[in-house]
Structure formats: C-alpha cells, structure tokens
Amino acid sequence: MIETHLLTRRFGSRTAVEALTFSIPKGSIVGFLGPNGAGKSTTLKMLAGFLPPTSGTAHVGGLDVVTDSLAARRLIGYMPESVPLHPEMRVREYLRFRAEIKGITRKRDAAVDRALELADVTDVAPRLIGELSKGYKQRVGLADALVARPPLLILDEPTEGLDPNQILRFRDMLKRLGAEHTIFLSTHIMQEVEAVCERVVIIHKGHIAASGPLEEVRAKMTGGERDVVVRLHPREHHAAWKEDPAAAAKALVDGVEGLTLRSATADGELVSLVVRSVEKGDAVEDLVARCVGAGLGVRAVSPQAGSLERVFHALTGAEGDA
Amino acid sequence: MRTAWAIYKRELIGTFCSPLAYVVMVAFLVFNGVVFWFFMSMTADNPALTGSRSPLQMFFGSTILSVLTLLVFSPATTMRTFAEERRSRTFETLFTAPVTDVEVVAGKYFGSMTFYAALWAPTLLYALVVKRYGPVDWGALASGYAGMLLIGSAFVALGVLMSAIARSQVVAYMLTFMAIGGVMFALGLGSYVFQEESTRQFFSYVNLWEHMEHFSVGLIDSRALVYYGSVSLCSLALATRTLSVRRES
Ligand SMILES: Nc1ncnc2c1ncn2[C@@H]1O[C@H](COP(=O)(O)OP(=O)(O)OP(=O)(O)O)[C@@H](O)[C@H]1O
Ligand SMILES: [Mg+2]
Chain A
1 MIETHLLTRR FGSRTAVEAL TFSIPKGSIV GFLGPNGAGK STTLKMLAGF
51 LPPTSGTAHV GGLDVVTDSL AARRLIGYMP ESVPLHPEMR VREYLRFRAE
101 IKGITRKRDA AVDRALELAD VTDVAPRLIG ELSKGYKQRV GLADALVARP
151 PLLILDEPTE GLDPNQILRF RDMLKRLGAE HTIFLSTHIM QEVEAVCERV
201 VIIHKGHIAA SGPLEEVRAK MTGGERDVVV RLHPREHHAA WKEDPAAAAK
251 ALVDGVEGLT LRSATADGEL VSLVVRSVEK GDAVEDLVAR CVGAGLGVRA
301 VSPQAGSLER VFHALTGAEG DA
Chain B
323 MRTAWAIYKR ELIGTFCSPL AYVVMVAFLV FNGVVFWFFM SMTADNPALT
373 GSRSPLQMFF GSTILSVLTL LVFSPATTMR TFAEERRSRT FETLFTAPVT
423 DVEVVAGKYF GSMTFYAALW APTLLYALVV KRYGPVDWGA LASGYAGMLL
473 IGSAFVALGV LMSAIARSQV VAYMLTFMAI GGVMFALGLG SYVFQEESTR
523 QFFSYVNLWE HMEHFSVGLI DSRALVYYGS VSLCSLALAT RTLSVRRES
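Which chain is which? The protein sequence lines are A and B, in order. Oh and the first sequence: position 17 is 17 in our numbering, straight run, nothing missing. Position in the second sequence counted from 1, then plus 322, gives you our numbering.
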C-alpha cells in the first residue's frame, strides 16, 4: 500500500528525514514510532502529497505521490497532527464540504452520515466545530479522513491530548476500521502500538531504526527474549514470601529451564515476579505448573507492559532526544 | 469545477461568519456615506464648482476619495483567503484533498469578488437618493459599477496573490496595500511626469485615474478591460504557482 525509496526531505540545510526506505502491506495497521522531532510528521506529509520530497520516491497504492499526486491523494484519508479544522463551520457542513472537494457528489449526504456514524460524532453534527471538546474535534478529523472511503488512512498522532477513556475509545475505533482500511498512524506512545498495531516502523533522527511485524521487531531487539509478569498469592507460604520475596522467588524460578528472574516485589497480599524468558518455548507454562504444584495461587500472567518501550529506548534513547 | 464551487461556498461561510467582514462592511458604508454626502452637498451648495458632473459621477470618478476607498478596502476582502488557512493549518487538510491549485485559487478569488461586490451593493441606494433631486444617467451609473468591478477584479487578484505569499492576515493586508498603492498609483503618475509622447502614452494606458474617470462618465475602454484582465490573470497565475511551491515555512 505504501512504498518509499530513499525518501529524503530537507528544510534548508536541516535534514528532517533521510533515505527512508520501507513498505507497508495492504490491510495492516502499522504504527509509526519515533521520539519528538524524529521526522514522523514530515514523512506523513510527504506521503499525503502535501510536502514534496527533496529526493527519493514514495508510492501509495502503486501511484507516485509527486507525479501522480491527484490520483494518489484520492486513495488517502489524512488526519494531520493536532487536527486543524474550521471553527466557524458546523460539523455536518464541514464534512459536506470535505466530501465535495474529495469528489463525492452523488450520495454526498449518505457518505457524510456514514462517516459521522463511524467516527461516533452523529450527536454533534449540527454544532459549531469551534465549540467542541478536543475528543470530539479529533473524531471530526477522523470522520473527515473516512468520508470518501479511502483504502488508506494516514493519521498523525490521532490520540494526542485525549484523556485515557477517549484514548481507549479511539483505539477501539481504529481496530474496527482496520478491517476495511490500511492504517498508518504515528505516535510516540509505545502502548498504543502494542494495543492496535500489527506492524511497526521505528524512526529516529530521520532514519529508519527498525521496521516489520511487531513481534519480529521486538524479538530482534531483545535477542528473542521477553519479560513476563507473574502475580502470585502465597497462601499458606505467606510468612516465607513476606520475609524475603527475592529468596523465595529465586528458589522457585531457579529450577525452570530458560527462565531468569528479574525482580520480585511484594505488594500487599500478592507478590509480583518479573521473569525473562526466551520468546519461543514453554518456560512460562513450566513456571506456572511449578507454582501450582507448590501450592501457590497464580492470579495473573501477563507480558511486561512496555516491552516494546525497552526496544524503543534501546533504539532511540541513549543520546537523548532533540 | 465542482471542487472550485465547493471551495467558493466554504469561502463565503468563512468570510461572512467572521465579525471582521461586518466591521469592514460598516466602515465601508460609513466612509462612502460621508464621501457621498460631501459630493451631494458640494453639488447643492456650489454648482459652479462641480460643473456638469453629477454627484454619482464624482463618486465613481477619479477623486482622491474613491481611490482611497479602493486602496483601503479591497485588501481587506482578500487578506483572509490563504493567510488564515496557513495560520490555522487547514492549508494542510485543503491540499491533501484531491484538489488542484487552480481550483483552489478560483474558489478563493470568486469568494473574495463576492465579498467585494457585497461591499458596493448598498451604494446602489445612492442612485435612488440622487433621483429624488434630479435625473440619473443610468448608463453612466452601470459603467461606474462595471469599472469598480473591473478594477476590483485586478486588486482582488493581487490580494489573493499576496495572501498566498503572506504568513498572516495583517501581512497580507499590508502587502496588498503596498502592491496596489505602489504599483498601480505610481504607474499612473508616470503619465503626468513624463513628457515624451510614447512613454506618456504607456503610462496613460496603465493610469488608474484616467480609467476611473472614463468609467464614471459611461465610457468602457477596451484597453482598460485588457489591462485589468491581464493584471488579474497574471496575479492569479502567480498565486497558483506560489501555492505549489510554498507549502511550508
Ligand atoms: N517547516 C519546517 N521548517 C524547518 N524545519 C522543520 C519543518 N518541519 C519540520 N522541521 C524539522 O524537521 C524535523 C522533524 O520534524 P517532524 O515534525 O517531522 O518530527 P515529528 O517526528 O513529527 O515530531 P513530533 O513527535 O514532535 O511531532 C525536526 O527537527 C523539525 O525541526
Ligand atoms: Mg509530528
């Protein structure tokens, strides 16, 4: 759906992105990850046909975004960073305008109704955009991106500045939309990529740091290891665990092939262990079996939140961000 | 074409939903009301001074007052067009839709022309006022309005160009003011400054004052038509070019 080759953009003497080469298959939700100033927005603006590249090429659906700009733009629903809108227009009025300039003339109103519905803004359709809350504005931006039913959605930090409930709601919406659209969304929130994306392109200081399916990138960066959190209830072994959780945990984990203990902390009734395991294999199952055998209650087993965060950090952290 | 129409409609919403539009319209009416009253009372008090000219002819003619009207008010009709889209960054949503630069410029230009025409529309009442006191030369009146639209067309096109260049409405206003004031009026002055016949003729060809004088007495000069037509087209072509080149910063 998207293919770039040595895509480069300079602003004067400053290079925003350099020699980006990546591709995004049709039908996937892809996260575009990078710290502030990495060049995400610049790249997306080039893909959306707004900024001409300094050199290199980008194709969307097989169409060159420079030489075949108009046709390429018809394939894209683009939502820019911080969602610029016309505050003096009413939501429905705005979407009608957007539908018209996107070439929808017949069944315009039906297209607008559908977009209102999909983005969940039907209830504010008659209201002035300038009076809406941020969450609604963001969704009006999404409705605009959706109105012409483009096969590709390019969203620049779509959940930026939303409250946690709104973020979850927006992510659900994206997952649903993923069934019909290829989605390329930028973010610097790792959990977002973990929550909605199948693939990821990581960019740092204008260069590609990693790209591919999420699991692959994670595996490559962590050397095939991942961290798992196990929450235990010690039951009758309460005293021993309370006294020295580290020692008790060490005794428990030591015997399991392919696992290393990272930390053990008691919190209230429960104890949280973080263990590092190889990506493949059943070391975690072994551990759980062992716990049950030892009469410990297993309350939860979950991947360590932010394991991609570590990847991200490893790729972009160290030198500090601009 | 449909796209240009959609952009035109949105332009009208943007213009007439902003309080600034009404401030401009009221200021225009107050200013021209005073000017018109001035010409009326002049004609009434001192017929010898105005000769055969009716107040309406003076209103559209080449007095400093009507020139000032154009200079001050026409930049206000265009300053919003692109500068405001740049400021609010809707510039980006506009040009990532499948629109061509020409369609956008056309929609903006006709939107501004509509605003410009809306400024002049209430002055039609002046003709009714004059009619109460004497005959009105309807032909000259029509040509007066045609002239204002024609000259306005060139100034609005220049304004659209300046708004495409500028980063803010204020800068767009000032650039247009300077473009109209500097280029158009300075060019016209040439026909009084230069003695040599061919040079004088050239400057007379681009002399706004002369054009206005002709329009006010019912003379529509085809040379003026060509002149303002070309200024409009060149400005709009340059605006189109500016947009495709200057996307950011
Ligand atoms: N119009 C511009 N003129 C000059 N430099 C620019 C311009 N736009 C972006 N840059 C520079 O290009 C680099 C990349 O910016 P970009 O906005 O693409 O980053 P980003 O990854 O989107 O960051 P963020 O997460 O903060 O949105 C930055 O160093 C920025 O200063
Ligand atoms: Mg950005």
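No wet-lab data here; the hints were simulated from the structure. Where a beta carbon is used, it is the ideal one built from N, C-alpha and C, also for glycine. There may be inaccurate statements among the hints.
[Claimed, not checked] Pulled from the structure, derived: some chain B residues nowhere near chain A, Cβ distances all over 10 angstroms:
| no. | residue |
| --- | --- |
| 1 | I335 |
| 2 | C339 |
| 3 | N368 |
| 4 | V394 |
| 5 | F395 |
| 6 | A419 |
| 7 | P420 |
| 8 | L446 |
| 9 | Y455 |
| 10 | D459 |
| 11 | A468 |
| 12 | L471 |
| 13 | V493 |
| 14 | T521 |
| 15 | L547 |
[To be verified] With a straight-line cut-off of 35 angstroms between C-alpha atoms, the simulated DSBU-like cross-links for lysine-lysine are:
| no. | chain 1 | residue 1 | chain 2 | residue 2 |
| --- | --- | --- | --- | --- |
| 16 | A | K134 | A | K175 |
| 17 | B | K453 | A | K107 |
| 18 | A | K175 | A | K205 |
| 19 | A | K250 | A | K220 |
| 20 | B | K331 | A | K134 |
| 21 | A | K205 | A | K26 |
Tested hints:
With 10 angstroms as the threshold on Cβ separation, the claim that I335 (chain B) sits away from chain A is violated: the shortest Cβ distance comes to roughly 6 angstroms. Annotated as non-interface, C339 (chain B) brings its C-beta within 10 angstroms of a C-beta of chain A; the closest such distance is 4 angstroms. The non-interface label for N368 (chain B) is consistent with chain A: the shortest C-beta to C-beta separation is roughly 48 angstroms, beyond 10 angstroms. Residue placement check: V394 (chain B) keeps its beta carbon more than 10 angstroms from all beta carbons of chain A (closest about 25 angstroms).
Remark: the non-interface label on F395 (chain B) is consistent with the geometry, its nearest Cβ contact in chain A lying 22 angstroms away (cut-off 10 angstroms). Not every C-beta of chain A lies more than 10 angstroms from that of A419 (chain B), the closest at about 5 angstroms, which undercuts listing it as non-interface. Against the 10 angstroms criterion, P420 (chain B) falls within the reach of chain A, whose nearest CB is about 4 angstroms from its own CB. No beta-carbon of chain A is positioned within 10 angstroms of the beta-carbon of L446 (chain B); the least distance is around 29 angstroms.
With a closest Cβ-Cβ approach of about 43 angstroms to chain A, Y455 (chain B) is found to remain outside the 10 angstroms limit, as its non-interface label requires. Against chain A, the non-interface label of D459 (chain B) holds: every CB pair exceeds 10 angstroms, the least being about 42 angstroms. Listed as a non-interface residue, A468 (chain B) keeps its Cβ farther than 10 angstroms from every Cβ of chain A; the least gap is roughly 32 angstroms. Distance to chain A confirms L471 (chain B) as a non-interface residue, since its nearest Cβ pair spans about 27 angstroms, more than 10 angstroms.
Listed as a non-interface residue, V493 (chain B) keeps its Cβ farther than 10 angstroms from every Cβ of chain A; the least gap is roughly 20 angstroms. Remark: the non-interface label on T521 (chain B) is consistent with the geometry, its nearest Cβ contact in chain A lying 43 angstroms away (cut-off 10 angstroms). For L547 (chain B), the shortest C-beta to C-beta distance to chain A comes to about 32 angstroms, beyond the 10 angstroms cut-off, and the non-interface label holds. Proposed proximity of K134 (chain A) and K175 (chain A) is supported: the alpha carbons are some 21 angstroms apart, at most 35 angstroms.
Note on K453 (chain B) and K107 (chain A): the hinted pairing is violated, with a Cα-Cα distance of about 51 angstroms set against a maximum of 35 angstroms. At roughly 29 angstroms between alpha-carbon atoms, K175 (chain A) and K205 (chain A) fall within 35 angstroms of each other, so this suggested pair holds. As the CA atoms of K250 (chain A) and K220 (chain A) are separated by approximately 28 angstroms, the hinted pair is consistent with the 35 angstroms bound. Between K331 (chain B) and K134 (chain A) the alpha-carbon distance is near 26 angstroms, which keeps this suggested pair within the 35 angstroms criterion.
In summary, the hint linking K205 (chain A) to K26 (chain A) is supported, as the alpha carbons are separated by about 27 angstroms, within the 35 angstroms threshold.
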